[in-house]
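K.L.:
Below, each chain spelled out in residue letters.
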Amino acid sequence: MKVNDCLLYLLPLLILVTGCDLEKDIDVDLPGHASQLVVECYLEPGKPIRATVLESSGYFDTLAPPLVPDAKVFITYQDRRIALEYKPYFSTTSTTFYTHSSDEKVKGRPGDIYSLEVTDGQGRKITAFTKILPAVPIDTIEWSFNEEEEATVRTSFEDSGNTENYYRYMVHRNRVAVGTVRDLLATDNLRDGKRISFGSPYDFRKNDTLVVSLFNIEKQYYDFFSSVSDAKDANGNPFAQPSRIKSAVEGGIGIFTNLAYDRKVVIIK
Amino acid sequence: MLNLNQMRPYLHLFLCFLLFLFLKLPAHAQSSSIRGYVRAADSGEPLIGATVSVPALGKGTVTDVNGYYMLPLPAGEHTLQASYIGYTPITRRAHTPADGKNKNIVFLLEPANNELKEVEIASNSLRQRLNDTRMSMEVLTTREAKLLPALFGEVDLVKAMQLKPGIQASSEGSTGMYVRGGGADQNLMQLDGTTIYNASHLFGFFSVFNPESVKSVELYKGGFPAQFGGRLSSVVDVTLNEGNNERVGTAGSLGLISSKLTIDGPIKKDKANFIVSGRRTYVDVFTRQINRLSEDNEDYSPIPDYYFYDLSGKLNYQLDDENKLTLSAYYGRDFFSFSEDGFNFGFDWGNRMANLRWEHKFSDQLFASASVNATKYNYNLKNAIDAYSLKLTSDIEDYTFKTDFDWFLEGGHSLKFGSSVTRHYFGIGHLNVNSDDDRLNYTAGNNYHASEFGVYASDDYQINALFSLNYGLRLSAFNSGGRTYTGLEPRISAKYNLDENTAIKGSYASMMQYVHLVSNSGATLPTDVWYPSTKNVEPQRSQQIALGFTKLFARGRFLLTNEAYYKWMHNQLDFRDGANLFLNNNLEAEFLFGKGNSYGNELYLEKVKGKTTGWLGYTLSWTFRQFDEINGGRPFPTRYDRRHDVSLVLMHKLNKRLSVTASFVYGSGTAYSLPVARFAFQDMEGKGASMVPIYEERNGFRLPPTHRLDLGAVLKLKSRHGEADLTFGVYNVYNRRNPYFVYIDHVKDEESSQITGFQAKQVSLFPVVPSITYNFKF
Numbered sequence: 634m635k636v637n638d639c640l641l642y643l644l645p646l647l648i649l650v651t652g653c654d655l656e657k658d659i660d661v662d663l664p665g666h667a668s669q670l671v672v673e674c675y676l677e678p679g680k681p682i683r684a685t686v687l688e689s690s691g692y693f694d695t696l697a698p699p700l701v702p703d704a705k706v707f708i709t710y711q712d713r714r715i716a717l718e719y720k721p722y723f724s725t726t727s728t729t730f731y732t733h734s735s736d737e738k739v740k741g742r743p744g745d746i747y748s749l750e751v752t753d754g755q756g757r758k759i760t761a762f763t764k765i766l767p768a769v770p771i772d773t774i775e776w777s778f779n780e781e782e783e784a785t786v787r788t789s790f791e792d793s794g795n796t797e798n799y800y801r802y803m804v805h806r807n808r809v810a811v812g813t814v815r816d817l818l819a820t821d822n823l824r825d826g827k828r829i830s831f832g833s834p835y836d837f838r839k840n841d842t843l844v845v846s847l848f849n850i851e852k853q854y855y856d857f858f859s860s861v862s863d864a865k866d867a868n869g870n871p872f873a874q875p876s877r878i879k880s881a882v883e884g885g886i887g888i889f890t891n892l893a894y895d896r897k898v899v900i901i902k
Numbered sequence: 003m004l005n006l007n008q009m010r011p012y013l014h015l016f017l018c019f020l021l022f023l024f025l026k027l028p029a030h031a032q033s034s035s036i037r038g039y040v041r042a043a044d045s046g047e048p049l050i051g052a053t054v055s056v057p058a059l060g061k062g063t064v065t066d067v068n069g070y071y072m073l074p075l076p077a078g079e080h081t082l083q084a085s086y087i088g089y090t091p092i093t094r095r096a097h098t099p100a101d102g103k104n105k106n107i108v109f110l111l112e113p114a115n116n117e118l119k120e121v122e123i124a125s126n127s128l129r130q131r132l133n134d135t136r137m138s139m140e141v142l143t144t145r146e147a148k149l150l151p152a153l154f155g156e157v158d159l160v161k162a163m164q165l166k167p168g169i170q171a172s173s174e175g176s177t178g179m180y181v182r183g184g185g186a187d188q189n190l191m192q193l194d195g196t197t198i199y200n201a202s203h204l205f206g207f208f209s210v211f212n213p214e215s216v217k218s219v220e221l222y223k224g225g226f227p228a229q230f231g232g233r234l235s236s237v238v239d240v241t242l243n244e245g246n247n248e249r250v251g252t253a254g255s256l257g258l259i260s261s262k263l264t265i266d267g268p269i270k271k272d273k274a275n276f277i278v279s280g281r282r283t284y285v286d287v288f289t290r291q292i293n294r295l296s297e298d299n300e301d302y303s304p305i306p307d308y309y310f311y312d313l314s315g316k317l318n319y320q321l322d323d324e325n326k327l328t329l330s331a332y333y334g335r336d337f338f339s340f341s342e343d344g345f346n347f348g349f350d351w352g353n354r355m356a357n358l359r360w361e362h363k364f365s366d367q368l369f370a371s372a373s374v375n376a377t378k379y380n381y382n383l384k385n386a387i388d389a390y391s392l393k394l395t396s397d398i399e400d401y402t403f404k405t406d407f408d409w410f411l412e413g414g415h416s417l418k419f420g421s422s423v424t425r426h427y428f429g430i431g432h433l434n435v436n437s438d439d440d441r442l443n444y445t446a447g448n449n450y451h452a453s454e455f456g457v458y459a460s461d462d463y464q465i466n467a468l469f470s471l472n473y474g475l476r477l478s479a480f481n482s483g484g485r486t487y488t489g490l491e492p493r494i495s496a497k498y499n500l501d502e503n504t505a506i507k508g509s510y511a512s513m514m515q516y517v518h519l520v521s522n523s524g525a526t527l528p529t530d531v532w533y534p535s536t537k538n539v540e541p542q543r544s545q546q547i548a549l550g551f552t553k554l555f556a557r558g559r560f561l562l563t564n565e566a567y568y569k570w571m572h573n574q575l576d577f578r579d580g581a582n583l584f585l586n587n588n589l590e591a592e593f594l595f596g597k598g599n600s601y602g603n604e605l606y607l608e609k610v611k612g613k614t615t616g617w618l619g620y621t622l623s624w625t626f627r628q629f630d631e632i633n634g635g636r637p638f639p640t641r642y643d644r645r646h647d648v649s650l651v652l653m654h655k656l657n658k659r660l661s662v663t664a665s666f667v668y669g670s671g672t673a674y675s676l677p678v679a680r681f682a683f684q685d686m687e688g689k690g691a692s693m694v695p696i697y698e699e700r701n702g703f704r705l706p707p708t709h710r711l712d713l714g715a716v717l718k719l720k721s722r723h724g725e726a727d728l729t730f731g732v733y734n735v736y737n738r739r740n741p742y743f744v745y746i747d748h749v750k751d752e753e754s755s756q757i758t759g760f761q762a763k764q765v766s767l768f769p770v771v772p773s774i775t776y777n778f779k780f
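Protein sequence lines, in the order shown, are assigned to chains C and Z. Taking my numbering, the leading residue of the first sequence gets 634, the next gets one more, and so forth. Taking my numbering, the leading residue of the second sequence gets 3, the next gets one more, and so forth.
I should point out that these hints are in silico values taken from the structure, not numbers from a laboratory. As the structure is a prediction and not an experimental result, all values here were calculated from the model. Hints may contain errors.
Simulated pairs of lysine-lysine, BS3-like, Cα-Cα distance not exceeding 25 Å [unchecked claim]:
1) 657(C) <-> 763(Z)
2) 657(C) <-> 61(Z)
3) 865(C) <-> 750(Z)
4) 680(C) <-> 689(Z)
5) 393(Z) <-> 827(C)
6) 105(Z) <-> 273(Z)
7) 879(C) <-> 705(C)
8) 763(Z) <-> 865(C)
9) 657(C) <-> 720(C)
10) 879(C) <-> 750(Z)
11) 738(C) <-> 689(Z)
12) 597(Z) <-> 879(C)
13) 740(C) <-> 680(C)
14) 689(Z) <-> 897(C)
15) 865(C) <-> 689(Z)
16) 689(Z) <-> 852(C)
17) 720(C) <-> 689(Z)
Take these sequences, add in the hints, and give me the full structure.
P.N.:
Set out below in structure tokens:
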């Protein structure tokens, strides 16, 4: 929880004091927006290459899916240019909507570089790069119970020293396809080269099955994801500064990165 | 910036300047003068800033911090007037002796119509303001502020000051001040000469200055006297009340959200007196009760617990005719906590300060004071979630020693000179994260220390009956982390009387600011921390010019002032988008440096005599900042860039028991950032897209304008002992929903919960709020 968010707890106190409905609908005349290409492409070793290409919309535009049918998507790996086919579909296994895909699987090893190019009929063009990262192994997952037999779970791992590392830690109950119960973004700036632990509240019970994932992520993904969170937070928080999206791609908005993770399944005993 | 070697020529210049002042002294050594003190007749306390004048000659002066004045006059009979806001003016005839001799006169002013606490400002005080060399200055007394309608009946001098032109609130009901385009951190807030770093309670909705303990507030928007330094945009000089020299008295009030109590009196007749004031809010008493009654309701979410209190006191000891000791102190704290389902959040913050001042009278012309003071602001934030705890603290602590001299010279010179040295200690972002079993332990945070120096001299020179000049120089220096910055800050104000009722004025002031507020909230929050200038963080600088005229008309009943100003600001601070200002050992990496400018015109019309008094202020202004890394490098308006700002204050005395007041404010829409577009984001997991807002222009949107009418009434009650009154207030009489912030929300289908569109929503803070306060004094 951000410190400024904590102060939002004071707002109900003020509203209690004034005791009235103090929110109302208003008309806002927003300036026109030049639509931009938006891409999401996460390369996962051993999985097919897939991408989602959409475009941004004015805030009050209609909610029709902003598809870009004439968008062409290419992935280049070791001088080989792979064209992704425009074939919008929803994957029930990954619960994700894709617009472009290929049967080619991601074969890169840590240190290898992939590039992305997206073009469309309006002359818009996105380029981006990602460097395959190694997974960082989870060292231990341990838990302890309180008097109500609720468990707190702690996951620990060793950070490699002298490099800036960025992590995303996620815990799912039962399986990844269902809701996330813990989702943290972190850097090693306070624990460089040391053991890092992520904890949880007493949220779990005996026999709960937990899927614990530790993603070693690129800085560009950390920046993009953080700016997305900040932008969402700024809309409705009077104490937040408006945040521009730190795009990880050139020429548009979006993220092109790879997923390097260690995942363990544990049953709370 | 200058290093010490580069400074040497300036030091020579400064010494020459001092020599110039002192070499001129003998030429005027033989004039006569009338001098003495202006004191309150009921308590004997000195009246600071009281006017003593000879209207027939168009000459006058104001009393210093001891209530002392010195008015050079030709030998002969003169009619003198002494006046002070809220007191009945006195006229006395006096004979000025020849041959350079002086005459002492002490004026004892009676409170004006004590029963109704009505502000009665003598018309000659307006004339004095006309003739004052100083410009861009506002003065407000507690007596005046108490007449104005206030939110929840909580009289607040800072909010009352916001009704003056050129001073804007950060948001409705807030005590955050933006003066002539300066940031909230660019105001030097001083309580009895000691810096207060975070001068607000409750989100900034109330200032830390308890009106029962404060005598007056002086606010400089420009034309800064040389004795002040360290901030770019304003000096807010708050003076605590003096204790009663005559008898023990008690005063207090019972209000909707707080109560106040003040006790003062003599310790040793005509030698020593004291005053102690306290206030505490009590909303928490009711919210705790509500929470207790709802404990069994599983769906009930407890109301957070919040209260604040503050204590202030002052002790005066007149050692002899030449020496006086004063001890002032303040302690205030806010407490906020929230607990639910294993989540425990506690947050407390506050200021404390103490100031010991020794005043010495070398002669009737030369006065000196030396003071040592300490001030500290800190906050503690504790957050515990089950087995894990987080503690975050930050603080700033200062120790200051300063000396000031006032030398009243014949020939129209009043010299001020002095020096100060401050040792700063900064504790920034101290974080400690722990688990119950100590296996999880993170720490972060930095400590800095720095030294700040200032030496100044100025001369208030009455060249002739028409022309006066106040010129001075301040030399400042700051040392931190092996880097020393210095600054030469010239100040000058001039006044020329076109005729008996019209004066034109001009001023130039250069200012330096060596400490910076780390805040990206756009509001004044308790979590804002101060950061020193370092090797990589250069001091902020500004220059301001102001030109204006002042005119008295309708036989001295109205004063019209118009001032135009332009301010340049350099090394302004902002932060990168998404900057982490709390858990960051390399905070400087998040800083951005840019520049700013502000310009505008302030019109002010005041009526001070008669049954109906009040003022009308209108400010037309523009304020911009420019940073290479923000808004694509294009200049953008600040949040407090307000094109039109109008305030109208009227006070009318209906009869001896009842007076009514009204204030109306109008402000152009606040500059605000709204998202103009959106995109769908699935993230690596999918599970449904979320909408991400896209912000383009920084502060490119304008909120609807703010306007509000407040009404108040003061009814004197018949009381056997002392005085009592009821103060009624209605805040926001016509229930205007002024915008606090605007956001864009989803519109969902009620059955399917599918998003069907988007709607802009405006959130307001205060509807119509009636209040009643009982005040007593005995």
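K.L.:
Hint compliance check: list the failing hint numbers for this structure, sorted ascending.
P.N.:
Checked against the structure, the hints that fail are numbers 2, 9, 10, while the rest are satisfied.
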